[in-house]
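*Asks:* Chain by chain, the residues:
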Amino acid sequence: MKKLFLLFSLVMLSACTSSIHMSQVAIEEKRINEFENGQLINIEKSQKNILGFVYDTNYVDKAYESLLKQCPQGTSMINVEYLTNHGFMSWTDKIRIKALCK
Amino acid sequence: MLIKMKSMFGLSLLLIGGCSQLHHVQVSNIDQSRGKLTPFTVQVNELGFDAAQTVQIGADVAKSASTSEDLEFIAFILAISNFGPKTGNPVYNDNYAEQILVEVVKACPSRKITGLTSIREATNIGPVSGEVVRINGYCIN
Amino acid sequence: MLNKTILFSLLALSLSGCVGLNTVSMTQVPAERENKITTSSSSWNFIGINFSNQFVDVAIDKLKEQCPSGKIEGVYTKHQTTGYLLVFKREVIVSAYCNEV
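Residue numbers (my numbering), protein chains in the order written: chain A, 1 to 102; chain B, 1001 to 1141; chain C, 2001 to 2101.
Derived from the structure by calculation, the hints contain no laboratory data. For every residue, glycine included, the Cβ atom is placed at its ideal position computed from N, Cα and C. Some hints here could point you the wrong way.
Unchecked claim - Partial chain A-side listing against chain B, Cβ under 10 angstroms, derived:
no., residue
1, S19
2, Q24
3, E65
4, S66
5, I95
The shape of chain A in the complex, shown without the other chains:
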């Protein structure tokens, strides 16, 4: 029974954890009044990393390109979040961008 409890606890505790490294909010002050007309977009790009063996950070560039494509007139407000989802001997790095297009 004790061992079963221990095993259950272990499974529960090893459920994938995460870590948000940074979350930054920036605004374009001149266009602040256009908030209500804007369109909120969500972009998420990720990269699987096994024991640190990755050789580029192109997923970040892809997120940025996607932002430029979706907001051709620019953004009036933007939130960039960089986080990691932990896993067994590996992890996934993620970039999340939320933006209000002009």
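Chain A is fixed; fit chains B and C onto it per the hints.
*Replies:* Below, chains B and C alone, put in the same frame as chain A:
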């Protein structure tokens, strides 16, 4: 004697941890030319928990050698199951800062915002912590 | 003699702090860069025990005071920690340009 020392070490670790940690700070432009500024703060937080560290402390203070060995093994399993870079303690919900943008907009009804400072910080009590994303800013009146 | 040497070495070691950069960030740099303003704020702690991150807000208040009616642009922020053996200094150094509109 050794176990007592380990207990003391574990306890001191808990006490040492009871503090604020600053991980990241970014200050942006502040426009004081368009009117009086009213400060606002938007904060989201989530419980952070380092399971591997907790079990390791358990292993250090365990009375019997076999229990200590078992706990050390569990700590190792937990550590390799949650591999990867960490800022503060790991959390079990990666969406806790999802609403931050909307909250910032809500915090300033005039919707004229300046001087946003983005802060990633934590308050630790041993292996448990409050992982915080805080945005300070000013509404232009 | 040996004791004195060890003591002196320890003293020298504790006084010469090793600095580590935590984060650095900057905003758009303006064309007008005549009026540069700088400020910093720090917080000391013993073996990493801190109870507040209030020193960040102090730096921002000090920055605002230097440009009471203008626009603070091109904000360059450094967050660093200097270690002196068991004592640590957390510091935020901010420099920017104050442009009157």
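*Asks:* Look at each hint and say if it fits the structure.
*Replies:* To see whether the hints hold, each was checked on the structure:
With a least beta-carbon distance of about 4 angstroms to chain B, the hint placing A:S19 at the interface is held under the 10 angstroms criterion. With a least beta-carbon distance of about 4 angstroms to chain B, the hint placing A:Q24 at the interface is held under the 10 angstroms criterion. A distance limit of 10 angstroms between C-beta atoms decides the matter here; for A:E65 the minimum to chain B is near 21 angstroms, and the interface restraint is violated. Hint status for A:S66 relative to chain B: violated, with the closest Cβ pair at about 17 angstroms, above 10 angstroms.
The interface hint given for A:I95 is violated, since its Cβ lies 13 angstroms from the closest Cβ of chain B, which is over the 10 angstroms cut-off.
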